[in-house]
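Keeping their order, the protein sequence lines are chains V and G. Residue numbering for the first sequence follows our numbering, starting at 1 and increasing by one per position. Residue numbering for the second sequence follows our numbering, starting at 551 and increasing by one per position.
Everything labelled a hint here was simulated from the structure, so no lab data went into it. It should be emphasised that the depicted structure is a prediction, and the values quoted were computed from it without experimental measurement. From the three backbone atoms N, C-alpha and C, an ideal C-beta is built for every residue, glycine too. Keep in mind that a hint or two might mislead.
[As the list claims (entries may be wrong)] Residues of chain G clear of chain V, computed beta-carbon distances all greater than 12 Å:
1) 570
2) 580
3) 590
4) 610
5) 612
6) 615
7) 633
8) 665
9) 669
10) 819
11) 1027
12) 1085
13) 1099
[Unchecked claim] Once the Cα atoms are required to be at most 25 Å apart in a straight line, the calculated DMTMM-like pairs of lysine to aspartate or glutamate come out as:
14) V:429 with V:509
15) V:534 with G:584
16) V:182 with V:136
17) G:674 with V:185
18) V:534 with G:862
19) G:1097 with V:12
20) G:872 with G:862
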Amino acid sequence: MIALLAAAWAQDPIVTALQEELQRSMSELVLPDSPRPYFVAYRMKEAWNIEVRASLGGVLRDTVGPDRRLVAEVRVGSPEYDSVNFRSGYGSENGLVATDLVIGDAPLAVRKDAWLGSDAAYKEGVANLSAKEAADARRSEGDTTPDYTLGEPLEHLGQKGAAPDLARLRELAVAISARFAKHPDVELSSVTAWASGGRFVVIDSLGMHVERPIESVDLEISGNARAADGSRTSDLRSIRVRTLDDLPSLAELERSVDDIARALTSWQAATIPEEPYIGPLLVEGSAAVDLFRRRILTELQGTPDPERPVSGTRRISFGSSGSPERAYALKRRILPRGWTITDDPQSDPRSPAWRTHDDEGTPTQAIELVTDGIVRTHYMSRTPSSAIAQSNGHGRSDRDYTVRGSPMVTELHPDRTATRRRLHKEALKITATYGNDHYLVLRRYESDIPDLFRMRVPGHEPLELVRVFANGREEHIRGVELEGLTRRALRDAVMAGDSTTEVFRSGSDHFQITAPSVLLDEVEAKPRHGSAEKPPPVASPLAREPSTGR
Amino acid sequence: MWILSLVTARAEPPDPVLEALSRELEVSVEGWREEPDPPYYLAYRSVDRHVWRIEARYGALASSSDSRVRVLDVVARVGSFELDSTHPIRDASALQAPYHMGQQMPVSGPPEALQSVVWEATNKEVRDAQELWRQLQTVQKVKVEEIHEAPDFSPATAVVDVRPLAELEVDRGAWEDTLIEVSAVLDAHPDILRSAAELSAEAENHYIVTSEGTRLRHPRTWLRVDIHTEAIADDGMVLRIYRWKDVRVAEALPDADELTSWAEDLVQRTVALRVAPLGDAYDGPILLRGPAAGVFMHEVIGHRVEGHRQKDEKEGQTFREKIGTQLLPPDISIFDDPTLDTWTGTYLNGSYAYDDEGQPAQRAWIVRDGVFEGFLMSRSPIDIEGFHHSNGHGRASSYNTPTARMANTIVSSSRPVPVAELRAMLLAEVRAQGREYGMMIEELAGGFTMTGRVYPNSFNVRATYGWRVYADGRPDELVRGIDLVGTPLVALSNVMAAGDDPGVFNGFCGASSGSVPNAAVSPSLLIRQLETQKKESSSDRPPLLPKPQGPETGT
Chain V
1 MIALLAAAWA
11 QDPIVTALQE
21 ELQRSMSELV
31 LPDSPRPYFV
41 AYRMKEAWNI
51 EVRASLGGVL
61 RDTVGPDRRL
71 VAEVRVGSPE
81 YDSVNFRSGY
91 GSENGLVATD
101 LVIGDAPLAV
111 RKDAWLGSDA
121 AYKEGVANLS
131 AKEAADARRS
141 EGDTTPDYTL
151 GEPLEHLGQK
161 GAAPDLARLR
171 ELAVAISARF
181 AKHPDVELSS
191 VTAWASGGRF
201 VVIDSLGMHV
211 ERPIESVDLE
221 ISGNARAADG
231 SRTSDLRSIR
241 VRTLDDLPSL
251 AELERSVDDI
261 ARALTSWQAA
271 TIPEEPYIGP
281 LLVEGSAAVD
291 LFRRRILTEL
301 QGTPDPERPV
311 SGTRRISFGS
321 SGSPERAYAL
331 KRRILPRGWT
341 ITDDPQSDPR
351 SPAWRTHDDE
361 GTPTQAIELV
371 TDGIVRTHYM
381 SRTPSSAIAQ
391 SNGHGRSDRD
401 YTVRGSPMVT
411 ELHPDRTATR
421 RRLHKEALKI
431 TATYGNDHYL
441 VLRRYESDIP
451 DLFRMRVPGH
461 EPLELVRVFA
471 NGREEHIRGV
481 ELEGLTRRAL
491 RDAVMAGDST
501 TEVFRSGSDH
511 FQITAPSVLL
521 DEVEAKPRHG
531 SAEKPPPVAS
541 PLAREPSTGR
Chain G
551 MWILSLVTAR
561 AEPPDPVLEA
571 LSRELEVSVE
581 GWREEPDPPY
591 YLAYRSVDRH
601 VWRIEARYGA
611 LASSSDSRVR
621 VLDVVARVGS
631 FELDSTHPIR
641 DASALQAPYH
651 MGQQMPVSGP
661 PEALQSVVWE
671 ATNKEVRDAQ
681 ELWRQLQTVQ
691 KVKVEEIHEA
701 PDFSPATAVV
711 DVRPLAELEV
721 DRGAWEDTLI
731 EVSAVLDAHP
741 DILRSAAELS
751 AEAENHYIVT
761 SEGTRLRHPR
771 TWLRVDIHTE
781 AIADDGMVLR
791 IYRWKDVRVA
801 EALPDADELT
811 SWAEDLVQRT
821 VALRVAPLGD
831 AYDGPILLRG
841 PAAGVFMHEV
851 IGHRVEGHRQ
861 KDEKEGQTFR
871 EKIGTQLLPP
881 DISIFDDPTL
891 DTWTGTYLNG
901 SYAYDDEGQP
911 AQRAWIVRDG
921 VFEGFLMSRS
931 PIDIEGFHHS
941 NGHGRASSYN
951 TPTARMANTI
961 VSSSRPVPVA
971 ELRAMLLAEV
981 RAQGREYGMM
991 IEELAGGFTM
1001 TGRVYPNSFN
1011 VRATYGWRVY
1021 ADGRPDELVR
1031 GIDLVGTPLV
1041 ALSNVMAAGD
1051 DPGVFNGFCG
1061 ASSGSVPNAA
1071 VSPSLLIRQL
1081 ETQKKESSSD
1091 RPPLLPKPQG
1101 PETGT
């Protein structure tokens, strides 16, 4: 069976056409007095994509269709010193060129698109290499870290994801969105669903041919509410699975709507503190995952940024002009003793983040990034850093088509976890030393997606922040700014509790993070005096009294 | 292949969009009335747009999409007709102004789904208008009086007209097959780098509901088939040539045979242009062939007679004081008429029944018998007698506020000269000026013009296909890489004669109120003196490897 499947893929005329054009580019592309490519790779995403957006039982928009997109990567120079790993200005004209391919089963037409993409990538590569050499000639000390690591010939032909069903997804999105009609306090709401089914193909000039499935369904349910003082907030719950069949039942999804409404209603009724609070904070659930993602995991991405000209020698140069290596140094303590961080992309086949090979075709590896609180390795692609020379199969394509080492299925494990009761007791003990009669628990941040109707991008503000008293009574508060949620605070975390798993979507890719709740011994919660707009004189259509319409 | 129909209005069911807009308008007017500085005018404009697009290239399907979108724009005015919140705050940075933006409305669902969007958009636009109004009252006190004082808005009679819905039904498979075939013809020559055959079809239903009582629903349909090619000359100049046809009904589209013939012709022209010599800077007689002449007039005079520019102190106002002045030869007239659906049998892209402020479309004369007569007007009045009200030219794309814009701009002559005679006149003028050759411009890809006071008040018309016409009888010589440039009054004063070959250029015009469909119609025009300049060029070498050629690989 496996042999038959492999034979079918091997005869795939689209891939064959791409392989032919790739080989022609590798062997024949040359400009006068210029180096030839030393490596060419094509990365193709071929999928049926669906997007449905619904609000209050109506469809805002839906799009469906096949898409075939190629990134041609042409490297000039050598793995030690090449054209890709350099950026002189705002653009990224470095030999990575994205091209839309025809969607028809027409290999010759596909070749023509690939031909133009490769030609442009090669010319960019030659120009960028010469710009890099010129800039480096001016530099007092050169960077000796190699720019790339070549892989081995490899063939892996995974299955193709099935095309998703638009009608089913539309019906579901509409039904979930209609649930918001039961919650008049939620002023604006939407349900956005994406689904993709197809394959991701990597071929290169060293004989690699890797295919892995593209298979994902994302539901994002969001609602927005306004408090009596005009302040607004929004909440978003996401459900991300591999296929439509993996989704929870409609009743469960409707419960997410009810949960959003409950969170927003609690926020509306919350107290605005008049005095600042200094004391312990227990970060739970999705807020804990979010905190570790933002503060810790981004600093474990080992792929260096592209090199840049010497600072001050270009008038327009965006991004960091400092060291391109920004990950935590190896051997540095970043978490309490006993904590580990692992990433195993093949550990959860039901997750849309699951993958056997990364975006460079390298087999994914289970890695232990942090042991006993100390950094041992980084997420790595084939672009080495001064600390790590090899890929560990964590290369994920970024928006500029560069492949960077990135989280895939990451888990943070404390050496021991405390019960809720134990965390409560410990928090009360710490807060007493600050003279408080309560401590704070942060459960959710407000959503950081652009607001549906106003393009307002909410800050990373708490949505569900609660005062907890000794007798267990809880009181929601809002309108505060939290300070002290630093990397240092996580390193010195007092205690950890139960874990939560969240799946994130980045472009069309996914990654998954599991993190425990964590008790921090000192944060500051300062009342924030906002600039909220007055509420409108007309109630929202859902909140109007039927008799008056007002 | 395509069935595009206007469904007849027989016992039309209630329209959910019209109902939602009307209901929300009523509630909003009532609710905001109790606030300080309530809007004196509130309007909702919505466009429901069903769009099909198909693209084929290299003998294969490149994309095929079907989308439906419904967009809402809210206009709120605070103050009075004389002075209101839309009045420009002089010397203010555009970045300080609240940003008007449209909203996407659901294309289906219960009334609350539609009304929630309208409610949210109304809140934003009214609050923005109130803030601007309060700011304006102070700013007016610290600035000198304006030179041209005119009210900000003109009253208008309410219109109620609910027309049948436009609907679109497409035989997608048949058109995909046709375009695939045509795209293979376009790609056949090795010098053609890129090419495509495309079809766009849109059915739009426009809604306008205002606090003055206007309730409108009017349809618009549009289909375009378009083929284009791209080649690169040895000096790096990228050459793109297009051919297209805009129509209202599917039956008027060219069939596969006609498209194939177009494709063959376009390939030949592209290949010829690739090796044509570069044009150079030139001043002298130029013969503009039909559609090219229409675009020329669009850029030279059209944008400068848009009414709102006559009271904007940053605008050049070239024609503001020219009413009654002889601008063109006495046989030439120009008017703009959105009520015309065709001209000499060709569909006009700028046709509509009502403009985007809900005003009935009207013919507006710009030049009659060579004498400048007037401006295109939206509901923004100007302080010139006869131009205090709209003449049905308030236009905007979604997400923009309407201003005066062209629709179907028609240049005509009462003494048309046969084209062969016009060419003879060109040569006579070339000889009279002692020149080696004159220029004949056949095709344009569009143009642009600068109408303000800071930058040169000039135009640039982007020629794609032009010829040197030699005085000594040598064959005409195709040249590439030139644009027509000049300044408006001098250019108009050099118009000598018009031909008998009216040509239609259907396109989309982008300006401050967005991209709107329009048509420029003109016979060929002979210009005594006009300038060409070299076109900008890229510097990339042609592809290093030859184009992959058939047979199909891997099959």
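Now the hints, each set against the structure:
In this structure residue 570 of chain G is not separated from chain V by more than 12 Å, as the shortest Cβ-Cβ distance comes to only about 9 Å. With a closest Cβ-Cβ approach of about 7 Å to chain V, residue 580 of chain G is found to fall inside the 12 Å limit, against its non-interface label. The beta carbon of residue 590 of chain G sits about 16 Å from the closest Cβ of chain V, which is more than 12 Å, so the claim that it is off the interface holds. Residue 610 of chain G, annotated as away from the interface, has a beta carbon of chain V within 12 Å; the closest lies near 3 Å.
Distance check for residue 612 of chain G against chain V: the nearest CB is about 5 Å away, which does not clear 12 Å, and the non-interface claim fails. The claim that residue 615 of chain G is not at the interface with chain V is violated, since a C-beta of that chain comes within 12 Å of its own (minimum 6 Å). Distance check for residue 633 of chain G against chain V: the nearest CB is about 24 Å away, which clears 12 Å, and the non-interface claim stands. Interface exclusion of residue 665 of chain G from chain V breaks down, the closest Cβ pair being 4 Å apart, not more than 12 Å.
For residue 669 of chain G, the shortest C-beta to C-beta distance to chain V comes to about 6 Å, within the 12 Å cut-off, and the non-interface label is violated. Chain V leaves residue 819 of chain G outside its interface by the beta-carbon criterion, the shortest separation being 21 Å against a cut-off of 12 Å. The non-interface label for residue 1027 of chain G is consistent with chain V: the shortest C-beta to C-beta separation is roughly 31 Å, beyond 12 Å. Annotated as non-interface, residue 1085 of chain G keeps its C-beta farther than 12 Å from every C-beta of chain V; the closest such distance is 22 Å.
Not every CB of chain V is more than 12 Å from the CB of residue 1099 of chain G (nearest about 8 Å), against its label as outside the interface. Restraint check for residue 429 of chain V and residue 509 of chain V: not satisfied, since their Cα atoms lie roughly 43 Å apart, outside the 25 Å limit. About 14 Å separates the Cα atoms of residue 534 of chain V and residue 584 of chain G, which keeps this hinted pair within 25 Å; it holds. Distance check on the hinted pair: residue 182 of chain V and residue 136 of chain V sit about 64 Å apart at the alpha-carbon level, beyond 25 Å; violated.
The straight-line distance between the Cα atoms of residue 674 of chain G and residue 185 of chain V is roughly 19 Å, inside the 25 Å bound, and the hint therefore holds. Using a Cα cut-off of 25 Å, the hinted pair residue 534 of chain V and residue 862 of chain G is violated, with the two alpha carbons roughly 34 Å apart. Note on residue 1097 of chain G and residue 12 of chain V: the hinted pairing holds, with a Cα-Cα distance of about 22 Å set against a maximum of 25 Å. Distance restraint check for residue 872 of chain G and residue 862 of chain G: the Cα-Cα separation of roughly 17 Å lies within the 25 Å cut-off, and the hinted pair is therefore satisfied.
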